[in-house]
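S.K.: Given chain X's structure and the hints, the job is docking chains Z and A onto it.
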Amino acid sequence: VFRLIPREEGFFDLFEQAARNSHEGALALADLFNDFNNIDAKAARIEDIEHAGDKITHDTITKLNKTFITPFDREDIHRLIGRLDDIIDLMDTGVSRMMLYKISKPTDDARGLAKVLVDSTAILVELLPLLRNEKNMPDILKMCIAVNTLENEGDRIQKHALASLFESGFDAANMIKWKDIYEILESATDRCEDVANIVESIAIKNA
Amino acid sequence: VFRLIPREEGFFDLFEQAARNSHEGALALADLFNDFNNIDAKAARIEDIEHAGDKITHDTITKLNKTFITPFDREDIHRLIGRLDDIIDLMDTGVSRMMLYKISKPTDDARGLAKVLVDSTAILVELLPLLRNEKNMPDILKMCIAVNTLENEGDRIQKHALASLFESGFDAANMIKWKDIYEILESATDRCEDVANIVESIAIKNA
Amino acid sequence: VFRLIPREEGFFDLFEQAARNSHEGALALADLFNDFNNIDAKAARIEDIEHAGDKITHDTITKLNKTFITPFDREDIHRLIGRLDDIIDLMDTGVSRMMLYKISKPTDDARGLAKVLVDSTAILVELLPLLRNEKNMPDILKMCIAVNTLENEGDRIQKHALASLFESGFDAANMIKWKDIYEILESATDRCEDVANIVESIAIKNA
Numbered sequence: 354v355f356r357l358i359p360r361e362e363g364f365f366d367l368f369e370q371a372a373r374n375s376h377e378g379a380l381a382l383a384d385l386f387n388d389f390n391n392i393d394a395k396a397a398r399i400e401d402i403e404h405a406g407d408k409i410t411h412d413t414i415t416k417l418n419k420t421f422i423t424p425f426d427r428e429d430i431h432r433l434i435g436r437l438d439d440i441i442d443l444m445d446t447g448v449s450r451m452m453l454y455k456i457s458k459p460t461d462d463a464r465g466l467a468k469v470l471v472d473s474t475a476i477l478v479e480l481l482p483l484l485r486n487e488k489n490m491p492d493i494l495k496m497c498i499a500v501n502t503l504e505n506e507g508d509r510i511q512k513h514a515l516a517s518l519f520e521s522g523f524d525a526a527n528m529i530k531w532k533d534i535y536e537i538l539e540s541a542t543d544r545c546e547d548v549a550n551i552v553e554s555i556a557i558k559n560a
Numbered sequence: 354v355f356r357l358i359p360r361e362e363g364f365f366d367l368f369e370q371a372a373r374n375s376h377e378g379a380l381a382l383a384d385l386f387n388d389f390n391n392i393d394a395k396a397a398r399i400e401d402i403e404h405a406g407d408k409i410t411h412d413t414i415t416k417l418n419k420t421f422i423t424p425f426d427r428e429d430i431h432r433l434i435g436r437l438d439d440i441i442d443l444m445d446t447g448v449s450r451m452m453l454y455k456i457s458k459p460t461d462d463a464r465g466l467a468k469v470l471v472d473s474t475a476i477l478v479e480l481l482p483l484l485r486n487e488k489n490m491p492d493i494l495k496m497c498i499a500v501n502t503l504e505n506e507g508d509r510i511q512k513h514a515l516a517s518l519f520e521s522g523f524d525a526a527n528m529i530k531w532k533d534i535y536e537i538l539e540s541a542t543d544r545c546e547d548v549a550n551i552v553e554s555i556a557i558k559n560a
Numbered sequence: 354v355f356r357l358i359p360r361e362e363g364f365f366d367l368f369e370q371a372a373r374n375s376h377e378g379a380l381a382l383a384d385l386f387n388d389f390n391n392i393d394a395k396a397a398r399i400e401d402i403e404h405a406g407d408k409i410t411h412d413t414i415t416k417l418n419k420t421f422i423t424p425f426d427r428e429d430i431h432r433l434i435g436r437l438d439d440i441i442d443l444m445d446t447g448v449s450r451m452m453l454y455k456i457s458k459p460t461d462d463a464r465g466l467a468k469v470l471v472d473s474t475a476i477l478v479e480l481l482p483l484l485r486n487e488k489n490m491p492d493i494l495k496m497c498i499a500v501n502t503l504e505n506e507g508d509r510i511q512k513h514a515l516a517s518l519f520e521s522g523f524d525a526a527n528m529i530k531w532k533d534i535y536e537i538l539e540s541a542t543d544r545c546e547d548v549a550n551i552v553e554s555i556a557i558k559n560a
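Chains as they are written, first to last, in our numbering: chain X, 354 to 560; chain Z, 354 to 560; chain A, 354 to 560.
Don't read these hints as lab results, they were simulated from the structure. Please note that a few of the clues may not be correct.
[Said to hold, decoys possible] Straight line, CA to CA, 25 Å or less: simulated DSS-like cross-link-like pairs of lysine-lysine: (1) X:Lys408 x A:Lys395; (2) A:Lys512 x X:Lys458; (3) A:Lys558 x X:Lys416; (4) X:Lys468 x X:Lys488; (5) Z:Lys395 x Z:Lys458; (6) X:Lys532 x Z:Lys512; (7) X:Lys488 x Z:Lys419; (8) X:Lys419 x A:Lys488; (9) Z:Lys532 x Z:Lys455.
[Unchecked claim] Facing chain A, from chain Z, some residues (calculated, C-beta under 7 Å): (10) Ile392; (11) Lys512; (12) Ser554.
The C-beta atom is built at its ideal place from N, Cα and C for all residues, glycine as well.
Pulled out of the complex, with its shape left as it was, chain X reads as follows:
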């Protein structure tokens, strides 16, 4: 019955843009961490991607506020675009902290977290378009499990990173700086999991 009412389909385009934007950010982050040169230019590029994310989020909220019939619950749309935006925000914050802390080079664990973010956001790029059709349920569930598995991997890397930090003989300033950076990057992997959970919820509700 709901199918008879014309719905605002533009939301799907915006969610998919946000997912692609977060993946672009993760690739730029991994590039910075794997080749720590031209860091000013690379950090500026990540900041640009973060600004693009802000615009997508703002457009989504504006559309939400002006749309009477939405393809699914307003609160779900709000939460979904919010968590998608958090991913790129947190990656940008992590890089910004590396710059202002004058970190001389990334650690293996930081590179590991960047890889988890590349892989998680790659799945989100494939996952979001599946929301357009309720037939996609089995694939949605499979992808959500994959994102959850990656989040566990991110958690494992963070634990390893924190343990190493205090066994490394780092000075206090470097312990404080790296603990901050690891926590920010690990939060970004949590937000990828949040996005997957929200997508799963929406799909089940509309199945």
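M.R.: Leaving out everything else, chains Z and A in the frame of chain X:
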């Protein structure tokens, strides 16, 4: 009038399970802190309780997504199960940090926070069943005040703990580690208060 | 058509009280930072303002739970009063940390953040009354942009503060203490931006 519509009562069972699970976690945490032996086995037990909490939360969200008439607002159900799950998650994270930081023994303040968590979750175990009947309003309000009082006590302990930390002559690594652990445990007491506030809100709305 | 139904207008009074209360807190914070004398009395005054904020929030939630027709979405009312309350809570937490950390004097960056909070909350005091009338849209948008600009300024000050912290030759304890205080104060500026964004959302939805 709403009473004429058959409602999905299974949500109450799940909330009560989640409350009992968080209390079981708090008891295991207090046992670990009061008798710091067999710590690997005790930490593994807390992790198991945390996994049980994840399952209860997942079952609740799945039921929510499949249920047309819910006993109260969908957003309240979402928030309530989320905050209940946060309690055990944070206790597990606190213990996991103690392990990876190779903490040699808990402090009095850590034991104090564990006691606040035991007491708060004991009240939640009694509080959640009262949601089943709108006649329970006076008892609900009394218990919510008791949880708020305990959260203030948790706050007081955390302040004492942070002040002592910097007067203790601890080295920088131990300051960083303990500040992290205290903040995580104190957040768990905040989540107990959140649960009480949500229960109060639901009860007032449905009175 | 909705205008024909008598709506509960008391919510506007409560939002405006909460905005004025957060501004009063910001002025007290700036006074403490600019003239670091009688600090016990000044901190106690900020704690009183925080308690007043708790009462406004509690009254709003109680009214929300008892009101059938609300002037706008229940979730928006919940979010708006929650974020307004966070502003004064975070300012009080920041001051409380300064006291228990026995900070000998505020930094220029801390004073800068206090000024941003004074300016942001001053705009919120003017912004909230505009929600009463849908004709005010252009002014609402202008003020929201001004709050966003101030949040960027807060972000810039925090970055400067964190960078200086690690170049200052501070000892580890002072790095940890000040990082904590800066993060808490900067979060308060984020919550001002959240309030502006929620007001903008409500205004667009009801335009």
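S.K.: The structure should be examined with respect to each hint, and the outcome stated for every one.
M.R.: Now the hints, each set against the structure:
1. X:Lys408 x A:Lys395: Not satisfied, since the Cα-Cα distance of roughly 41 Å exceeds 25 Å.
2. A:Lys512 x X:Lys458: holds, 20 Å
3. A:Lys558 x X:Lys416: holds, 10 Å
4. X:Lys468 x X:Lys488: Violated. X:Lys468 to X:Lys488 sits at ~31 Å, over the 25 Å cutoff.
5. Z:Lys395 x Z:Lys458: holds, 14 Å
6. X:Lys532 x Z:Lys512: Status holds; Cα separation ~22 Å.
7. X:Lys488 x Z:Lys419: The given pair, whose Cα atoms are some 16 Å apart, holds under the 25 Å limit.
8. X:Lys419 x A:Lys488: holds, 16 Å
9. Z:Lys532 x Z:Lys455: holds, 15 Å
10. Ile392: violated, 26 Å
11. Lys512: Holds. Min distance 5 Å.
12. Ser554: Cβ of Z:Ser554 sits 6 Å from chain A, so the hint holds.
Hint check: violations occur at hints 1, 4, 10; the rest are consistent with the structure.
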